[in-house]
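Residue numbers (this note's numbering), protein chains in the order written: chain H, 1077 to 1348; chain E, 480 to 786; chain R, 59 to 373.
If you're looking for bench data, these hints aren't it; they were derived computationally from the structure.
The structure presented is a predicted model; accordingly, all values stated were derived computationally and were not measured.
The beta carbon of each residue, even a glycine, is placed where N, CA and C say it ideally should be.
Treat the hints with care, as some may be off.
Said to hold, decoys possible - Per label pair, the in silico range of CB-to-CB distance:
no.	chain 1	residue 1	chain 2	residue 2	range
1	H	Trp1083	E	Thr651	28 to 34 Å
2	E	Arg504	H	Leu1251	19 to 25 Å
3	R	Asp113	E	Leu527	36 to 42 Å
4	H	Val1088	E	Gly692	14 to 20 Å
5	H	Ile1142	R	Glu208	52 to 58 Å
Said to hold, decoys possible - Restricting the straight-line Cα-Cα distance to at most 25 Å, the calculated cross-link-like pairs of lysine to any residue (SDA-like) are:
no.	chain 1	residue 1	chain 2	residue 2
6	H	Lys1162	E	Tyr781
7	H	Lys1162	R	Gly71
8	E	Lys612	H	Arg1337
9	R	Lys158	H	Asp1238
10	H	Lys1078	E	Leu705
11	E	Lys612	H	Leu1090
12	R	Lys234	R	Gln260
13	R	Lys151	H	Leu1235
14	R	Lys151	R	Leu236
15	H	Lys1078	E	Leu689
16	E	Lys612	H	Ala1334
17	E	Lys608	H	Ile1091
18	R	Lys158	H	Gly1236
19	R	Lys158	H	Asp1311
20	H	Lys1162	E	Leu689
21	R	Lys161	E	Pro510
22	H	Lys1162	E	Leu525
23	R	Lys172	R	Leu240
24	H	Lys1162	E	Val776
25	R	Lys64	R	Val124
26	E	Lys608	E	Leu705
27	E	Lys608	H	Lys1130
28	H	Lys1162	E	Gly523
29	H	Lys1078	E	Met596
30	R	Lys172	H	Arg1082
31	H	Lys1162	E	Leu527
32	H	Lys1078	E	Val605
33	R	Lys161	H	Gly1249
34	H	Lys1130	H	Asp1311
35	R	Lys64	R	Asp77
36	H	Lys1162	E	Val605
37	E	Lys612	H	Leu1210
38	H	Lys1078	E	Gly613
39	R	Lys169	R	Leu236
40	E	Lys612	H	Leu1324
Listed here are the chains, written in short residue letters.
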Amino acid sequence: MKDSHRWALRSVVLIYLGILVGLPVVFMVIKAFSHGFPAFWNEITQPDALSALKLSLEVAAIAVPINTAVGVGAAILIARHNFVGKRFLDVIFDVPVAVSPVIIGVALVLAYSRVGWFGAPLAHWGINVLFSPLGIVFATAAVSLPYVLRSIVPVLYELGMDQEHAARTLGAGRLRIFWSVTLPAIRWAVLYGVTLTIARTLGEFGAVLVVSGNISGKTQTLPIYIFDSWDQRFDTLGTYSGALVLALLSMVALAVLALLRRRERKLRVDLA
Amino acid sequence: MPTTTPLPPTSHESAPLSASLAPCRSSRFSPPLLAGGGSALLVGYLSLIVLIPIAALISHGLSISVATHGAGLAFWRWHVLIGLKTFWSAVTASGAKEAIVLSLWLSLSVAAINSIMGVAIAWVLVRDKFIGKGLIEASIDLPFALPTIVAGVLLLAIYGVDSPIHVDLFETWMGLMLALLFVTLPFSVRAVQPVLASLDLESEDAARTLGAGGVRTFFTVVFPSLWPAVLGGFGLAFARAIGEFGSISLIAGGVGRTTVASNYIYNLTQGFLWTNAAAVSTALLVLSLVVLITTNVLSSRYQKRTL
Amino acid sequence: MSISLKHLSKRYGETHAVDDVNAEIRHGSLTAILGPSGSGKSTLLKLISGLERPDEGTVEIDGADVTSVDTRHRDIGFCFQSYAPFRHMNVAKNIGFGLKVRKRPASDIDKRVKELLALVKLEGKENNYPAQLSGGERQRMALARALAIEPRVLLLDEPFGALDAVVRLELRQWLKELHHQLPVTTVLVTHDQQEAMEVADQLIVMRSGRVVQSGNPLALYESPATSFVHEFLGPSTIFGGVVTRPHDLELVAVHHAEVKGRITKIVSLGFEAQVTVELNDGTTTWVQLSRNEISTMGLRVALLVGVRRRDDADA
Chain H
1077 MKDSHRWALR SVVLIYLGIL VGLPVVFMVI KAFSHGFPAF WNEITQPDAL SALKLSLEVA
1137 AIAVPINTAV GVGAAILIAR HNFVGKRFLD VIFDVPVAVS PVIIGVALVL AYSRVGWFGA
1197 PLAHWGINVL FSPLGIVFAT AAVSLPYVLR SIVPVLYELG MDQEHAARTL GAGRLRIFWS
1257 VTLPAIRWAV LYGVTLTIAR TLGEFGAVLV VSGNISGKTQ TLPIYIFDSW DQRFDTLGTY
1317 SGALVLALLS MVALAVLALL RRRERKLRVD LA
Chain E
480 MPTTTPLPPT SHESAPLSAS LAPCRSSRFS PPLLAGGGSA LLVGYLSLIV LIPIAALISH
540 GLSISVATHG AGLAFWRWHV LIGLKTFWSA VTASGAKEAI VLSLWLSLSV AAINSIMGVA
600 IAWVLVRDKF IGKGLIEASI DLPFALPTIV AGVLLLAIYG VDSPIHVDLF ETWMGLMLAL
660 LFVTLPFSVR AVQPVLASLD LESEDAARTL GAGGVRTFFT VVFPSLWPAV LGGFGLAFAR
720 AIGEFGSISL IAGGVGRTTV ASNYIYNLTQ GFLWTNAAAV STALLVLSLV VLITTNVLSS
780 RYQKRTL
Chain R
59 MSISLKHLSK RYGETHAVDD VNAEIRHGSL TAILGPSGSG KSTLLKLISG LERPDEGTVE
119 IDGADVTSVD TRHRDIGFCF QSYAPFRHMN VAKNIGFGLK VRKRPASDID KRVKELLALV
179 KLEGKENNYP AQLSGGERQR MALARALAIE PRVLLLDEPF GALDAVVRLE LRQWLKELHH
239 QLPVTTVLVT HDQQEAMEVA DQLIVMRSGR VVQSGNPLAL YESPATSFVH EFLGPSTIFG
299 GVVTRPHDLE LVAVHHAEVK GRITKIVSLG FEAQVTVELN DGTTTWVQLS RNEISTMGLR
359 VALLVGVRRR DDADA
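Taking the hints into account, I'd like the entire structure generated from these sequences.
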């Protein structure tokens, strides 16, 4: 490629990314610390902010393990078995990502709240899905459903069944094969999927907004809190500070993902 | 019904989902937990989280009601009514029409722009070498890992009312576009990158020896192999853009010219107009599914697999 | 441990991968199942191992019917073309896996692993991971792993297929010596007839899911039952309407033979040459000669020659 062309392309790309990604990141950091670090710290240790963070983490602590177990189980079903409805099972996992989070929120409300199908009977048993942490768990679990599965399935395919067969000839039972052979082989992929799930869980906004009713202190997750700071309280410092914390958490997730990707790439090359 | 993979960040793999359903022999040595009970739990969970809500959504959206005539629950006595009139009036209500149209053309434009820029960025990442390339590689994933509300705050920080560079895009279409370009960027890049990386450089060299210049080589040699992936990326970016909520909710401001479909639906829920919300949601759902499935079918059909 | 296969059949959809196969494998022998790709040989091996179940027929090991016995109880060792190493375990743990499953005490496992490492010449590599080994080393590790459980039968599915030529030759020899040392009944699947001829003392030739011929390798080479076997086991040409070995033919002066023809091509392969002759009746045959013979007879393209069988010479 001609040198002048190369530089032209590079410039276009760099300018585009600079405007789109670079600038906003820099300025958000500036805005968050615009009144100095003490003010920043004060903002993010507000009781409402802290309880929002707490709720986010609690919801993640429930949704992530469930979706991990579901992801691993369904991955084995898809990658190691043939059955009627396999395609359908596969499609279900794509719905949460193809669909707007607001729509997912509306769907959940129309299924489980008093306005919808099961709200009345559920309320009769004391279960309230709308305007409660339970609804937030539902919404969060729904939107973060497929990440573990999608990370694992290609790896399971690529792995092939030879190792599992070898273990069988050596006398291993099915549980042992899973534990000693399959699981260790997919552990980085699982970790990758879990990291993505955590990032998605902590950051979910639209679906939770619709489902939670946005009651400050009780049903606010961190993203909702950030929105609330801007939308209701016009508290710009609060908004930027909260956003920065969430951004930092996702940077950590990104770094972990990049590291895992590099490790997996190395593994592949070694065993090519 | 072929579907797409929603995971762009793995730059070494972004095969469309139909590839992931490669035929396999059934294994007799999978863990026993999955037989019977485990599968039932799985199906139950998925129904709870996805199937039932979506069914409820469509049922309310299309005002589907089931009446029985005569006694007894035998299904041949069921009479299914679909309230298309209600659906249609909700979808064409003032505000609804505008929001849907806005979402539609915004998403199409954004997907188109990022499809082009995606190729350019992927090219630089795959074929070029310079210091700081790693930083760019990482920054591509940023919009994907970043919570949408944070993205909204980010964009507001620089293009909002008190913008430090005096560019006020609050309550403008340009502002919405920037937000959508930001969040759909990774999908476009990651769809193309692995395909570009696996292209056989020799065909391009051959073209050059035959006298073709850079641009000609690109369009006659590279692009034919690349376009299925670009199309796939377009579909993913479109689906993401049309459903995007968090990042545009801040820069869109109040109700008005800059209300997109997802925002409109949210406003409906705040007003407890659930049937209308369901109707517009169903319309949006169908729209994004149609585009997604079409682009996925086309792209996987024409995707040349490199062995 | 002898193996007895009776009327084995396995279908995948419409195709018969294995079609009514009957075979006897002698105790302590090294048997090669030989055939082109798609002949069903790998499937047959998998049926013996239990990794696949037959649609019809029985598998007997040492007289006992094991058709419905699960793989893990058949006491067989299996080596895959892909080696199937447990990537996340080191060499020692790989080899010791089967013993660990059988709950042997750790000290026993250590001892046995050391013995096997010496046997397959991988001493010093016990802490390495498969990714750090060469292809040949990985296969030797796989073999050690299979032998660790003292199997009654050893099954090898194209074990050297993924290795390059030199390593393949080395490992072939090494396998033969290993079999002398440890005469476990071994069944080897291969598409390489040279490998089969060199290593096996019993040959089963398969095609399209059926056994075409079986027996001693040399016997099959010299008395092939069909032209397929003839062609598969060695170089072939047609002479006098019969499928013949090119080195069983010779070229002589035109008036010394009944069949005459003209040389159309001479391909030199180092110490040997392949001479293509277009015969008077329009057919083409080729003869394998040594370089000496070519120069002694002054053979060149377009020369008229006589072609006859070597054993007719003294007639």
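Against the structure, the hints come out as follows:
1. H:Trp1083 with E:Thr651: 28 to 34 Å: holds, 33 Å
2. E:Arg504 with H:Leu1251: 19 to 25 Å: holds, 21 Å
3. R:Asp113 with E:Leu527: 36 to 42 Å: With a Cβ separation near 41 Å, aspartate 113 of chain R and leucine 527 of chain E satisfy 36 to 42 Å, so the hint holds.
4. H:Val1088 with E:Gly692: 14 to 20 Å: The hint (14 to 20 Å, Cβ to Cβ) holds, given that valine 1088 of chain H and glycine 692 of chain E are roughly 19 Å apart.
5. H:Ile1142 with R:Glu208: 52 to 58 Å: Taking Cβ atoms as reference, isoleucine 1142 of chain H and glutamate 208 of chain R lie about 45 Å apart, which means the hint is violated.
6. H:Lys1162 with E:Tyr781: Between lysine 1162 of chain H and tyrosine 781 of chain E the Cα gap is close to 24 Å, so the pair holds against 25 Å.
7. H:Lys1162 with R:Gly71: Distance ~19 Å between lysine 1162 of chain H and glycine 71 of chain R Cα, so the pair holds.
8. E:Lys612 with H:Arg1337: Holds - the C-alpha atoms of arginine 1337 of chain H and lysine 612 of chain E are around 16 Å apart, at most 25 Å.
9. R:Lys158 with H:Asp1238: Holds, at about 19 Å.
10. H:Lys1078 with E:Leu705: Roughly 21 Å separates the two Cα atoms, so the pair holds.
11. E:Lys612 with H:Leu1090: At roughly 10 Å apart (the allowed maximum being 25 Å), leucine 1090 of chain H and lysine 612 of chain E satisfy the hint.
12. R:Lys234 with R:Gln260: holds, 13 Å
13. R:Lys151 with H:Leu1235: Answer holds: lysine 151 of chain R to leucine 1235 of chain H is near 19 Å, not above 25 Å.
14. R:Lys151 with R:Leu236: holds, 22 Å
15. H:Lys1078 with E:Leu689: holds, 17 Å
16. E:Lys612 with H:Ala1334: Measuring from Cα to Cα gives roughly 14 Å; hence the hint holds.
17. E:Lys608 with H:Ile1091: holds, 17 Å
18. R:Lys158 with H:Gly1236: Measuring from Cα to Cα gives roughly 23 Å; hence the hint holds.
19. R:Lys158 with H:Asp1311: violated, 63 Å
20. H:Lys1162 with E:Leu689: It is violated: about 49 Å lies between the C-alpha atoms, which goes past 25 Å.
21. R:Lys161 with E:Pro510: Holds, because 20 Å separates the two Cα atoms, which is no more than 25 Å.
22. H:Lys1162 with E:Leu525: Measuring from Cα to Cα gives roughly 14 Å; hence the hint holds.
23. R:Lys172 with R:Leu240: holds, 17 Å
24. H:Lys1162 with E:Val776: holds, 18 Å
25. R:Lys64 with R:Val124: Judged against 25 Å, a Cα distance of about 12 Å means the pair holds.
26. E:Lys608 with E:Leu705: holds, 21 Å
27. E:Lys608 with H:Lys1130: Roughly 44 Å separates the two Cα atoms, so the pair is violated.
28. H:Lys1162 with E:Gly523: Given that 25 Å is the threshold and the Cα spacing comes to 15 Å, the pair holds.
29. H:Lys1078 with E:Met596: holds, 20 Å
30. R:Lys172 with H:Arg1082: The hint is violated at about 58 Å.
31. H:Lys1162 with E:Leu527: Distance of about 18 Å is within 25 Å: holds.
32. H:Lys1078 with E:Val605: Between lysine 1078 of chain H and valine 605 of chain E the Cα gap is close to 16 Å, so the pair holds against 25 Å.
33. R:Lys161 with H:Gly1249: Within the cut-off at roughly 13 Å; holds.
34. H:Lys1130 with H:Asp1311: Cα-Cα ~21 Å, so holds.
35. R:Lys64 with R:Asp77: holds, 11 Å
36. H:Lys1162 with E:Val605: Violated, because 36 Å separates the two Cα atoms, which is more than 25 Å.
37. E:Lys612 with H:Leu1210: Outside the cut-off at roughly 44 Å; violated.
38. H:Lys1078 with E:Gly613: holds, 23 Å
39. R:Lys169 with R:Leu236: holds, 20 Å
40. E:Lys612 with H:Leu1324: holds, 22 Å
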